[in-house]
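Chemist: Read off the chains here:
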Amino acid sequence: MNKKFVLGIYDDEDVLLTAIENVRAAGTKIYEVFSPYPVHGIDDVLGIKRSRLPIAAFLFGLCGTSFALWMQIWMLGFDWPMIIGGKPHIALPSFIPVTFELTVLFAAFGMVFTFFTVERMIPTFKVNVFDKRSTDDKFVMAIEVKEGVTDMKALDNLLRSNGAIEVNEKEVVK
Amino acid sequence: MQHVSPIREPLVTGGKTYHDITEDVCRQVEAAPNPRWAAAFGVALIGLAIFFYSVYRTLWFGIGEWGLNKTVGWAWDITNFVWWVGIGHAGTLISAVLLLFRQKWRSSINRAAEAMTIFAVICAAMFPVLHMGRPWLAYWVLPLPNTFGSLWVNFNSPLLWDVFAISTYFSVSLVFWYIGLVPDFATIRDRATGPIARRAYSFLSLGWTGSAKSWSRYETVSLILAGVATPLVLSVHTIVSMDFATSVIPGWHTTIFPPYFVAGAIFSGFAMVLTLMIITRKVFKLEDYITLEHVESMNKIIMTTGSIVGIAYTTEFFIAWYSQVTYEQYAFINRATGPYWWAYWTMMTCNVITPQLFWFRKIRRSLVATFIISIFVNIGMWFERFVIIVISLHRDYLPSSWAMFYPTWIDVGIYVGTFGLFFTLFFLFVKFFPVINMAEVKAILKSSSGVTHHHGHVKHPQGHHTNAVIVPGTATDSNTNTHHSNE
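Line by line, the protein sequences give chains A and B. Position 5 (the first sequence) corresponds to 5 in this note's numbering; numbering is contiguous. Here this note's numbering = 1-based position in the second sequence + 1000.
Check each hint, because a few of them may be wrong.
So the derived label-pair ranges between C-beta atoms look like this [said to hold, decoys possible]:
hint : chain 1 : residue 1 : chain 2 : residue 2 : range
1    : A       : 86        : B       : 1171      : 28 to 36 Å
2    : B       : 1154      : A       : 59        : 25 to 33 Å
3    : A       : 84        : B       : 1061      : 32 to 40 Å
4    : A       : 49        : B       : 1151      : 49 to 57 Å
5    : A       : 41        : B       : 1151      : 51 to 59 Å
6    : B       : 1194      : A       : 80        : 29 to 37 Å
7    : A       : 77        : B       : 1223      : 21 to 29 Å
8    : B       : 1353      : A       : 84        : 39 to 47 Å
9    : A       : 84        : B       : 1329      : 49 to 57 Å
10   : A       : 41        : B       : 1154      : 48 to 56 Å
11   : A       : 66        : B       : 1195      : 46 to 54 Å
One-sided and incomplete, this derived list gives chain A residues near chain B with beta-carbon spacing under 8 Å [said to hold, decoys possible]:
hint : residue
12   : 29
13   : 51
14   : 55
15   : 65
16   : 69
17   : 84
18   : 86
19   : 90
20   : 101
21   : 109
22   : 115
23   : 118
24   : 124
25   : 145
With a cut-off of at most 27 Å between alpha-carbon atoms, the simulated DSS-like pairs for lysine-lysine come out as follows [to be verified]:
hint : chain 1 : residue 1 : chain 2 : residue 2
26   : A       : 49        : B       : 1446
27   : A       : 49        : A       : 153
28   : B       : 1213      : A       : 49
29   : A       : 146       : A       : 126
30   : B       : 1300      : B       : 1282
31   : B       : 1213      : B       : 1285
32   : A       : 170       : A       : 29
33   : B       : 1282      : B       : 1362
34   : B       : 1431      : B       : 1104
35   : A       : 4         : B       : 1213
36   : A       : 126       : A       : 153
37   : A       : 126       : B       : 1213
38   : B       : 1213      : A       : 3
39   : A       : 132       : B       : 1362
40   : A       : 4         : A       : 170
Since the hints were derived computationally from the structure, they do not count as laboratory data. Ideal Cβ positions, reconstructed from N, Cα and C, are used throughout, including at glycine.
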C-alpha cells in the first residue's frame, strides 16, 4: 500500500519548534519530524514521552550485579572452595571489582540492545529517508495524508505560513 | 542584538552554517586520500610490520626474547600496558565525564578522543596477552568450565580483576563510540554518490533516519552510557594500580596508588589527545572546530592532573620517611639516587615541571608549545610507570638477588610496533570515519558559534514574522528575532 506524505522543510530549529506547536494547534497530526541533530525542546512540543530506557538500563545492571555475585560466590564458595592468601572462601570485598565491572557491562549492553530493538536498528543496505537533507542541514516535518483528503492547498498554506521554506509531497511504498 | 560573551569564546569559529559543518567534516571522508595521509599511513604500516616481527619472535622463541630476569619479571610489557591504558582514559573522560558536566567544548574533540581510547586499549591489551607466552590459551583467564574439572579462576586476584576491567572498558567504549558515530554515518550515507560508499555507510548507520523520537531515545542512551562509563574510567585504572598496590613490594605497597594512577592516566591521555588533535586539525584544516579555546581547556586539565601527580610523588616520599619502614625508605632513595636515577629525574622533569608551564596563558594558547609539552608529558608518564615497575623490582628485600634490567631489541620492537598498530588504526579512522561529531557540533552551533548562522539562507516567506515568537528556554532567541526584524 502506498502512503502519501506532505513534507515541510525548515531551516531553523526555533522556527521549527513554533511551527510544530502551530500545526498541532491547528489540529493536524504530525507523523514524524526529522532533524540533523537533537533539537532541544522538541519532545515537549511534539508530546514525546520520556524514554523508559533508563529503567531498562537499571534492570540490566541489577542482573549484572546478581549474576556476578552469584557466579563468584558459587564458584569459589561452593563448587571448588579453595583458600587463597588466607582469605575466606566467600571474600566479598575482593569480589567487588568484578561485580562492578559486570554491572556496568550488563547495563550498557542491555540498554544499547534494547535501544536497537525498539528503534529497529539493524545493519541494512537500503535506508528510506523522506528527504536526504534532513541529515545535513534541514528539518523535515512529515504529515501523513490519509485516504480521501483533498484539501492539500490548506495543508500547504499551513506549513508555509509557519515558516516552511519548501513543501513537498512524497509517496512511500509500505 | 547578538550577544557576545566577553568571557566565553566561541567554540566554532568562521561563521559556519550547518551545511558547512557537513561539508568540512565529510570532505576528507569523500575525497581521495591525500598524499600526506598516504605517506603517514605508510610509515604507520612499517611500524605495524615491526610489531608483527617482534611478536613473531616472542611467540616462536618465547618470552626469553625479552630482557626479563628472575628479579625483574615485569618490565617493559607492564610499563607499556599501563601507559597505553592510561592514554586511553582521556577519550572516555572527554566523552563521558565532560558530557555529564555539560561541557560543550568536548563536542569537536570527543570523536577522535574516543577513537584514541579504543586503539590505545587495543595496544595495551597486547602486552598482558603476549606476556602470557602462549596467547592461544588466553581464554583460561575467563571463568569457563574447563577440562580440568571445576577449577575456576581466582576472583581474589587483581590480575583477574584487570581482565574484567579492561574487557568491559574496551567493549563499553566501543559501543559508546559506535553509537556516537551512527547519525554521522547516516549523513555520509545520504551524501554518498558511489554505490560502495552508499552501501557501506548504510550498513554502518543501522537505518538511522534522525526522527525526533529516535533522537530523544538516542540522547537518553548517550547520557546513561556516559553515566556508567564515568565510574568505569575510575575503576579501570584503580584496578590496574591494584596490580601493584595489593602486593608487598617496597614502592608498590601504597594506598595512594588508585587516585594517583587515575590522575596520571588523565594527564597522559589529554597530552596524547593534544598531540593527535594538533596534527589532525592542521592536516584536515579543522581550525574552525578545534580552536585555541579547546586547546586551552585541555591544557588546564593537563595542568591540574599534572599537579596532582606531582603532589603524589612528594607524598610517596613523605610517607616512606614517615612510615619508618627501612625497605620503603630505601626504595625511594634508590629511585632518586640509584642506578636508575636518570629515569626518575626524567619523570620528575617531564611530569612535575612541564605542566606548570601552563600557568602562563601565552604557553597555554601556543600550539607549538602545547605540542612539545604534550610529547614531554607522554615521555614523562612512560617513565613514571618504568620507575614504579622496574626500579621497585630490581632491588627489593634480598640484596643477593639485586639485578639490572636491560631491554632487548624485541622489547623495543614491540613497544615501537604498538605505535605502528595505533597509528595504522588511527589513520584508517581519520580517513574513513567522520573525525568530528557533526551532529553534536551542529547542536551547539547556534549557542556557541559567535555569529548568527542565518546568513546565506533562503529568504523566509511573508507571514513568517508573526510566527517567530520567542521559544522559552532557548538561549539564542534573540538571533532569530533580530534577523527577522532586519529583513
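Chemist: Each of the hints needs a verdict: does it hold here or not?
Modeler: Comparing the hints with the structure gives:
At roughly 34 Å, the beta carbons of residue 86 (chain A) and residue 1171 (chain B) sit within the given window of 28 to 36 Å. The given range of 25 to 33 Å is respected by residue 1154 (chain B) and residue 59 (chain A), whose C-beta atoms sit roughly 30 Å from each other. Separation of residue 84 (chain A) from residue 1061 (chain B) is about 33 Å and conforms to the stated range, judged on CB atoms against 32 to 40 Å. Take residue 49 (chain A) and residue 1151 (chain B): their Cβ atoms lie about 51 Å apart, and the range 49 to 57 Å holds.
For the pair residue 41 (chain A) and residue 1151 (chain B), the beta carbons lie near 58 Å from each other, so the given range of 51 to 59 Å is met. A C-beta distance of roughly 57 Å is found between residue 1194 (chain B) and residue 80 (chain A), which places it outside the suggested range of 29 to 37 Å. At roughly 37 Å, the beta carbons of residue 77 (chain A) and residue 1223 (chain B) sit outside the given window of 21 to 29 Å. The given range of 39 to 47 Å is respected by residue 1353 (chain B) and residue 84 (chain A), whose C-beta atoms sit roughly 44 Å from each other.
Checked against the hint of 49 to 57 Å, the pair residue 84 (chain A) and residue 1329 (chain B) fails, with Cβ atoms roughly 31 Å apart. At about 53 Å, the CB distance of residue 41 (chain A) to residue 1154 (chain B) agrees with the hint of 48 to 56 Å. One distance hint, 46 to 54 Å for the beta-carbon pair residue 66 (chain A) and residue 1195 (chain B), holds here, with the actual separation near 48 Å. Interface hint status for residue 29 (chain A): violated, as the beta-carbon distance to the closest one in chain B is roughly 14 Å, over 8 Å.
For residue 51 (chain A), the suggested interface contact is upheld, since its CB lies about 4 Å from the closest CB of chain B, less than 8 Å. A cut of 8 Å between beta carbons decides the hint on residue 55 (chain A): the least distance to chain B is about 10 Å, and the hint is violated. Because the smallest distance between the Cβ of residue 65 (chain A) and any Cβ of chain B comes to about 12 Å, over 8 Å, the interface hint for this residue is violated. A hinted interface residue such as residue 69 (chain A) counts as satisfied when its beta carbon comes closer than 8 Å to some beta carbon of chain B; here the least separation is about 11 Å, so the hint is violated.
For the restraint placing residue 84 (chain A) at the interface with chain B, the shortest Cβ-Cβ distance is roughly 5 Å, inside the 8 Å limit, so the hint holds. The beta carbon of residue 86 (chain A) is not positioned within 8 Å of any beta carbon in chain B (closest approach about 10 Å), and the interface hint is therefore violated. Hint status for residue 90 (chain A) relative to chain B: violated, with the closest Cβ pair at about 10 Å, above 8 Å. A distance limit of 8 Å between C-beta atoms decides the matter here; for residue 101 (chain A) the minimum to chain B is near 4 Å, and the interface restraint holds.
A hinted interface residue such as residue 109 (chain A) counts as satisfied when its beta carbon comes closer than 8 Å to some beta carbon of chain B; here the least separation is about 7 Å, so the hint holds. Taking 8 Å as the C-beta contact cut-off toward chain B, the hint placing residue 115 (chain A) at the interface holds, the least distance being around 5 Å. At a threshold of 8 Å, the smallest CB-CB gap from residue 118 (chain A) to chain B is about 7 Å, leaving the interface hint in force. Below 8 Å, beta-carbon pairs count as interface contacts, and residue 124 (chain A) has one with chain B at about 5 Å; its hint therefore holds.
For residue 145 (chain A), the interface hint is violated, since its Cβ never comes within 8 Å of a Cβ in chain B; the closest pair sits about 18 Å apart. Straight-line distance between C-alpha atoms of residue 49 (chain A) and residue 1446 (chain B) comes to about 26 Å, which keeps the hinted pair within the 27 Å bound. A distance of roughly 32 Å separates the Cα atoms of residue 49 (chain A) and residue 153 (chain A); the hinted pair therefore is violated under the 27 Å criterion. Among the hinted pairs, residue 1213 (chain B) with residue 49 (chain A) is consistent with the structure: their alpha-carbon atoms are about 9 Å apart, no more than 27 Å.
For the proposed pair residue 146 (chain A) and residue 126 (chain A), the alpha carbon gap of about 26 Å is at most 27 Å, so the pair holds. Of the supplied pair hints, the one linking residue 1300 (chain B) and residue 1282 (chain B) holds, its CA atoms being roughly 22 Å apart against a limit of 27 Å. Simply put, residue 1213 (chain B) and residue 1285 (chain B) have alpha-carbon atoms about 34 Å apart, too far for the 27 Å limit, and the pair is violated. Taking the CA atoms of residue 170 (chain A) and residue 29 (chain A), the gap is near 17 Å; set against the 27 Å cutoff, the hint holds.
Among the hinted pairs, residue 1282 (chain B) with residue 1362 (chain B) is consistent with the structure: their alpha-carbon atoms are about 20 Å apart, no more than 27 Å. Proximity of residue 1431 (chain B) to residue 1104 (chain B) is assessed by CA-CA distance (about 25 Å); at most 27 Å being required, the pair is judged to hold. In summary, the hint linking residue 4 (chain A) to residue 1213 (chain B) is supported, as the alpha carbons are separated by about 21 Å, within the 27 Å threshold. Between residue 126 (chain A) and residue 153 (chain A) the CA atoms are separated by roughly 33 Å; this puts the pair beyond 27 Å, and the hint is violated.
About 21 Å separates the Cα atoms of residue 126 (chain A) and residue 1213 (chain B), which keeps this hinted pair within 27 Å; it holds. Distance restraint check for residue 1213 (chain B) and residue 3 (chain A): the Cα-Cα separation of roughly 20 Å lies within the 27 Å cut-off, and the hinted pair is therefore satisfied. Pair hint residue 132 (chain A) plus residue 1362 (chain B) does not hold up; C-alpha atoms about 45 Å apart against a cutoff of 27 Å. Between the alpha carbons of residue 4 (chain A) and residue 170 (chain A) the distance comes to roughly 6 Å, so the proposed pair stays at or under 27 Å and holds.
Going down the numbered hints, you'll see the structure goes against 6, 7, 9, 12, 14, 15, 16, 18, 19, 25, 27, 31, 36, 39, while the others check out.
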